[in-house]
Amino acid sequence: METTITINVLALIARFLSGASIRWVDCQPDTCQRVYFANHTSHLDALVLWSALPAAVRARTRPVGAKDYWSAGRIRRYFSTKVFNALLIDRKEIKVHQSPVDLMIREIGYQDSLIVFPEGGRSSGREIGEFKSGLYYLCKKRPDLELIPVHIDNMNRILPRGQVLPVPMLSCITFGPPLWLEADELKADFLRRAREAVIRLKER
Amino acid sequence: MGDVRAMSLIAGVLVLLGAATAVVQILRRREDPSLNPAILETFRLRVHSWWLLFAILAAACLLGKTVTIILFGGLAFWALREFITLTPTRPGDHNALFWVFFIFPLFQFVFVWINRYELFSIAIPVYAFLFIPARIAMAGDHKRFLERTAKIQAGLLICVYCLSYAPALLSLRAESTTAFSSAGLLLFFVLMVQLSDALQYAWAQMPSRHVIVPAISPGRTWEGLLGGTASVTLIGAALWWATPFNFLGAAMMSAVISLMAFAGGLTMSAIKRDRGVKDYGTLVEGHGGVLDRIDSLCFAAPVFYHFTRWILLSNNDFCEWLRVATSI
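If you read the sequences in order, they're chains D and Z.
The opening residue of the first sequence carries number 1 in this note's numbering; numbering runs sequentially from there.
The opening residue of the second sequence carries number 1 in this note's numbering; numbering runs sequentially from there.
Just so you know, these hints were derived from the structure itself, not from any lab.
Don't be surprised by glycine CBs; every beta carbon is placed ideally from N, CA and C.
Please note: incorrect hints may appear among the correct ones.
Stated by the list, open to error - Distance ranges between label pairs, derived from CB positions:
{"hint": "1", "chain 1": "Z", "residue 1": "ALA174", "chain 2": "D", "residue 2": "GLN28", "range": "36 to 44 Å"}
{"hint": "2", "chain 1": "Z", "residue 1": "VAL23", "chain 2": "D", "residue 2": "ILE105", "range": "57 to 65 Å"}
{"hint": "3", "chain 1": "D", "residue 1": "LEU186", "chain 2": "Z", "residue 2": "PHE102", "range": "31 to 39 Å"}
{"hint": "4", "chain 1": "D", "residue 1": "ASP90", "chain 2": "Z", "residue 2": "ALA59", "range": "51 to 59 Å"}
{"hint": "5", "chain 1": "Z", "residue 1": "LEU16", "chain 2": "D", "residue 2": "ASP144", "range": "52 to 60 Å"}
{"hint": "6", "chain 1": "Z", "residue 1": "SER314", "chain 2": "D", "residue 2": "SER21", "range": "43 to 51 Å"}
{"hint": "7", "chain 1": "Z", "residue 1": "GLY64", "chain 2": "D", "residue 2": "TRP180", "range": "55 to 63 Å"}
{"hint": "8", "chain 1": "Z", "residue 1": "ALA137", "chain 2": "D", "residue 2": "PRO54", "range": "30 to 38 Å"}
{"hint": "9", "chain 1": "Z", "residue 1": "ALA230", "chain 2": "D", "residue 2": "GLY162", "range": "51 to 59 Å"}
{"hint": "10", "chain 1": "Z", "residue 1": "ALA174", "chain 2": "D", "residue 2": "ARG74", "range": "43 to 51 Å"}
{"hint": "11", "chain 1": "D", "residue 1": "ARG192", "chain 2": "Z", "residue 2": "ALA137", "range": "36 to 44 Å"}
{"hint": "12", "chain 1": "D", "residue 1": "SER124", "chain 2": "Z", "residue 2": "VAL23", "range": "50 to 58 Å"}
{"hint": "13", "chain 1": "Z", "residue 1": "LEU16", "chain 2": "D", "residue 2": "ARG74", "range": "53 to 61 Å"}
{"hint": "14", "chain 1": "Z", "residue 1": "GLY12", "chain 2": "D", "residue 2": "LEU17", "range": "37 to 45 Å"}
Claimed, not checked - Computed list of chain Z residues with no C-beta within reach of chain D, every gap over 12 Å:
{"hint": "15", "residue": "ALA38"}
{"hint": "16", "residue": "LEU80"}
{"hint": "17", "residue": "ILE84"}
{"hint": "18", "residue": "ILE122"}
{"hint": "19", "residue": "PRO125"}
{"hint": "20", "residue": "PRO133"}
{"hint": "21", "residue": "ALA150"}
{"hint": "22", "residue": "GLN153"}
{"hint": "23", "residue": "ALA230"}
{"hint": "24", "residue": "ASP274"}
{"hint": "25", "residue": "ASP317"}
All chains should be built: construct the whole structure from the sequences, respecting the hints.
Okay, structure coming up:
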């Protein structure tokens, strides 16, 4: 890992370049164990969301990313291993006894928070895709985790799919009120509720 | 000795801002029930960001032309971000936008820095104007083509081209035969623009209100425009010693600035109305966005620059007459 100063400087640069205004709606930054789940439209999402968190929270928060993307190339590898301390998931080889959810639970212990993008891949930006079930299984095993919905606005215009050069428009990151998996909530109901929580932030 | 004038101007502004801060503090202590707390809070936040603006500007003027150009380049860049963010674009515009953000502003401010009038006065209105539609056409998306092109061109012209004329004021002395303080000229200009905004707002609070364009800006009244312009003209005339103009010239220039500041504010309100937002951003507290603060500056800068240039540099009979009539 890099030193705290380097990391804070990198976060500051990321925040300036993304021009993100950060809003906490019915929610406060906290170092308690949380899962931030957000819509996904751009490769920069993880970086921007991570940099939007206060330094103390950021130090305890690990983005979950795809191994094939984040370990390709020196810059991505530098960011995922030295800066984010990202939790990389191998999308090609998902085994039953080595499922991504188990890996996440093992890695975060009882301290770290996670950043996940439950759509599974990047969407066009106009509509938020259906959520994959990983979020549900994660909560099923750890129902104490606080789920924070996050809406990332405008990143799809800053670095759209298939583009290499970012255009420095302004973006807006909204954190919403926490939610938890209810005692006997069905998978489909829970995933719909979580997705609607993100959509609701878009309209605020 | 020219810088003594700039320094006096800075000192004057400091006194003015100090007085405004004191008024805010006294009014807050007194908790006068007849006073609307929302208006006081708005005023307090405005005074805060005036401090910020003038601290940056004074520091830049004292540190020289290069720093001032970098500062205005930064302002232009941020204003352009706000403008394009609120403008609907399509994925096909992405590459053209990259040029609009990184290439054209850079060239524009470098041209201003090396003071090549024949380059910075046409680089964007001619070359960028033609390049942008061609680049968007290359991307192959023809939906609402003219509309998208026009919006991107307008953003670049207003936020980058027009604003770049403000730091260009610093280079006028090098070509002119009249001796005056460059920093004083720029400070005079920014001060008059800010005073126009403030005084037009203050005069609009009068009991009799004849709103000019209710559909776009219910806060702008004829009383505000005329009263504001009259007061700015008087104040500008009183500050003639900081400029290359005489009493009459400074009064005339201040009136022009006030009218252009009004036009700028009104035009940007119209764009904001169309996009359904109140402010362009959230960078400086209480001031909306950067673009909300500099809209009047953007409109006034090219006009002020060209008028000053005519008076100081051009040589034909009319300009000769104007020079004799208005400058020191």
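- Task: Could you check the hint for me, namely that ALA230(Z) and GLY162(D) are 51 to 59 Å apart, CB to CB?
- Result: 57 Å, holds
- Task: Given the hint of 50 to 58 Å, check if SER124(D) and VAL23(Z) actually sit that far apart at their C-beta atoms.
- Result: 52 Å, holds
- Is 31 to 39 Å right for how far apart the beta carbons of LEU186(D) and PHE102(Z) are? 50 Å, violated
- ALA137(Z) versus PRO54(D) beta-carbon gap, inside 30 to 38 Å or not: Violated: the Cβ-Cβ distance is about 45 Å, outside 30 to 38 Å.
- Would PRO125(Z) pass as off the interface with chain D, using Cβ distances and a cut of 12 Å? 22 Å, holds
- Task: Find the nearest Cβ of chain D to the Cβ of PRO133(Z) and say whether that gap is larger than 12 Å.
- Result: 18 Å, holds
- Task: Run the C-beta distances from ASP274(Z) to all of chain D and say if the shortest one exceeds 12 Å.
- Result: About 18 Å separates ASP274(Z) from the closest Cβ of chain D, which puts it past 12 Å; holds.
- Does the no-contact call for ALA38(Z) survive, Cβ to all of chain D over 12 Å? ALA38(Z) is indeed farther than 12 Å from all Cβ atoms of chain D, at 22 Å.
- Task: Kindly confirm whether 57 to 65 Å is satisfied by the beta carbon distance between VAL23(Z) and ILE105(D).
- Result: 59 Å, holds
- Task: Grab the minimum beta-carbon distance between ILE84(Z) and chain D and tell me whether it stays above 12 Å.
- Result: 6 Å, violated
- Task: Could you check the hint for me, namely that ALA174(Z) and ARG74(D) are 43 to 51 Å apart, CB to CB?
- Result: 47 Å, holds
- Task: Could you check the hint for me, namely that SER314(Z) and SER21(D) are 43 to 51 Å apart, CB to CB?
- Result: About 46 Å separates the Cβ atoms of SER314(Z) and SER21(D), which means 43 to 51 Å holds.
Checked against the numbered hints above, the structure breaks hints 1, 3, 8, 16 and 17 and satisfies the rest.
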